[in-house]
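Top to bottom, those sequences are chains C and G. When the letters of the first sequence are read in order and numbered with my numbering, they come out as residues 9 to 476. When the letters of the second sequence are read in order and numbered with my numbering, they come out as residues 4 to 328.
Please note that a few of the clues may not be correct.
Stated by the list, open to error - No farther apart than 20 Å at their CA atoms in a straight line, the calculated lysine to any residue pairs in the SDA-like style are these:
| id | chain 1 | residue 1 | chain 2 | residue 2 |
| --- | --- | --- | --- | --- |
| 1 | G | K317 | C | R411 |
| 2 | C | K416 | G | L277 |
| 3 | C | K174 | C | E223 |
| 4 | G | K24 | C | T396 |
| 5 | C | K52 | C | N219 |
| 6 | C | K416 | G | R315 |
| 7 | C | K229 | C | S109 |
| 8 | G | K140 | G | W99 |
| 9 | C | K416 | G | P318 |
| 10 | G | K317 | C | E435 |
| 11 | C | K424 | C | R411 |
| 12 | G | K140 | G | D171 |
Just so you know, these hints were derived from the structure itself, not from any lab. Note that the coordinates shown come from a computational prediction; the quantities given were computed from them, not determined experimentally.
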Amino acid sequence: MAADLYKCPYVPNFTRYPEHSGDYMKRLKGISFPADYGRLPSPKIQDLPLPGRVILPLISKYGKMTPLVSPGDHVQAGQIVGKGAEKWLPPLLASVTGRVSAITSSPTCFGDEGPALVIETEEKGIPARGTGILQDNPHELARRIHAGGIREVDPSPLPLAMRLRKPELVPSAFVPLARELEKPILCLIINGIDRQPGVWIRKALIELYGNELLESVSILKETTGASRAFFAVSKGYVLTDEFMERLREVGADPIFCPNTYPIALEPVLVPFLTGQELPPNSGGSRAFGTVVIDVATALRVRDAARGEISRLDTVVQVTAPSSGIDTLVRVREGTLIKDILEHLSLSKMNLAKVLCGGPFLGIALHRLDVPVTQETDSIILQTEREITRYSDEPCMDCGYCVRHCPMKLLPNELSKNCEYGRFDAAERLDLFFCIECGICAYVCPVNRPMVQLMRFGKQEIEAGRRES
Amino acid sequence: MKRPELYVSIPPHLHSGDSLKKMHLETIVALVPAIFAGWFFFGWSALLIIALSAISAVLTEFLWQKAIGRKITIGDGSALITGILLGLILTSNNPWWVPVLGAFVAILVGKQLFGGLGNHSFSSVLVGWACLSISYKDILTYFPMPNPQFLLKPGEFLSDPALIALKDSGVDEILDLPWKDLFLGNVPAEIGTACVLAILLGGIYLLYRRRLTWHIPLSFLASAWIFGFIFWQIDPETYASPTFHILSGWMFLGAFFLATEKGTCPVTGPGMVLYGIGCGVLTMIIRTWGSYVEGVPFAILLMNSVTPLLDRVKPRTVGRLKEIA
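One chain only, chain C, in its complex shape:
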């Protein structure tokens, strides 16, 4: 009933599936989206040929990295070519064998711009993957995961390699930097729920890499020392009995979460599963003894732990509703979006907007020569007709946003306060608790740019603080 009111153009019709039961069902705010896994596009992954050149941004969500190579150097695939400002930040691995031709400035898929390594490819074909031996020594596992250079799609205040270490594995030098690392990990959540409607890459990865995921769960249990582990998937998604059985054997409980957006985001998922709410700027869920790892990252963890050079390639979903394309492609990290579109013969498409990271949370790119890195999971291409435009109409206090806000905020008041520059009032109304999921703007009947105004308000407040 509510589903057709808020129909998402990227999610096809509603079909009812046998419901699985979970222990943690309780009323959740947000928007319900129809689940239709019967018509999930085929979870096959297209392998793209090696690009002529890759661009590896020397900038991550944790800041700038220092290059360890200079133009003219030859690099091997998997070689460490950049390191973070702190020792605990993930290193940057070369994704192809080739020659560094330049260090230039390049935009990134998460909206930043910074220096980047340009590597001209000199290898042919896709090299076979090594099959390393799984290490049972947790110290060695943790070291390997760190060396894997894994970066995540979901933002987290602590880098992955540190987050999933139990206190015994944390080097004592790092403890003063992040006190939360001293706390034991109680709960491990493997997040198999897609971040937002219209993105289905995580479901496909579970289907394609079930065995690898099981291995990853046992590795993660080893390094985190978590007493409980959940494998969270959307309600209605059919896990085979065998898979569930084996999940329980490796010590993780399958949990079926409702089909609401934004359940996959950490500040909503963790309270939903564990009852622990996460205040903003508190160090994320790790500070409360919980580690959330999405399935794509879990697969990378498994590769790194097996001693394979971590996945040099990255799987992204490419969706162009107007061209009927909805597929997964596997590319080397650093491949330009331009090259992907060319390969999918989409470059002739009447392109108006490129969304990197989904319709609700993604960034609209301003150019196409942006490299695809581990920080993105989907590229959505919109034509002029599909673009949503927001208006500057006044709020009419209908309360739809209040009804749907997953954080129980008052988006109507917040957006008005931010619009009129009353930032103090907005902050008193818990502006910084907003997780920017975008539901308020999505449901607003007068098309107000709700979350956009709130982001503006946050930026203004932060800028004011930096000045003083």
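Given chain C, work out where chain G should sit, using these hints.
Frame of chain C, contents of chain G only:
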């Protein structure tokens, strides 16, 4: 300068496709049963009153916005709803200028002078009605007898609306009033207020479409019933039964349509419940001890004025942990 090739904007890049037009269209659909009931019991003159009021409301909005050079918003349907609702709370034998004047005041004073949709703090329909009822009390309190078009026999148990009968002649007068007449609206009344069944149908439709939440209607009706029940238990000779109070007068129309006018009611869950309770209790107080016969409109107008305060009653933000003392 070269035109940029790609559009850039801040997420989200999607919209539900919901609009004011859809929202108001659904409200109009929900009012159709009440309009039908008005025609059924009071004939074509009832439809004429509603039409006059609706046209006048839309025209007022159009002329005002044209005159001050603002964007014309008659297309979104909110003026139409104000007009229809105002028509529903007038009687079918009013002279033609009553709905016209009422709608003019409702739109101009009740809404546009505050800055248009979303900026008015008092229910625009009730502002128009209040102006009429204070200025032309005698005209508004002359009620025609119901005359159903088919199926039903005219309800002749009362010659005045039930609440007036109660006020003038006491509980004995309405003690044997058939519940069926009261529920179907087969009593002398305004065009669209008496037929509980029709209003309930519209209200359920809005609840089903999630245009309304249960908070305001339920707390309004439940608090009025409980308040009435207490006094009925104290002295059934003096006070009418709570069910009579719920079914008579404007109670249902108020709970589902008038009290829930967007922008004039609170938006948080607890705020809406408190608002509904305030409306229900004030209605019963005015009906029982006030000089006005019908308590709903003034109860709602009074509660409209405390809406900004009630909006401060919000649930705890997720993530705001209890301070450890």
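Can you name, in rising order, the numbers of the hints this structure does not satisfy? Violated hint: only 7; rest satisfied.
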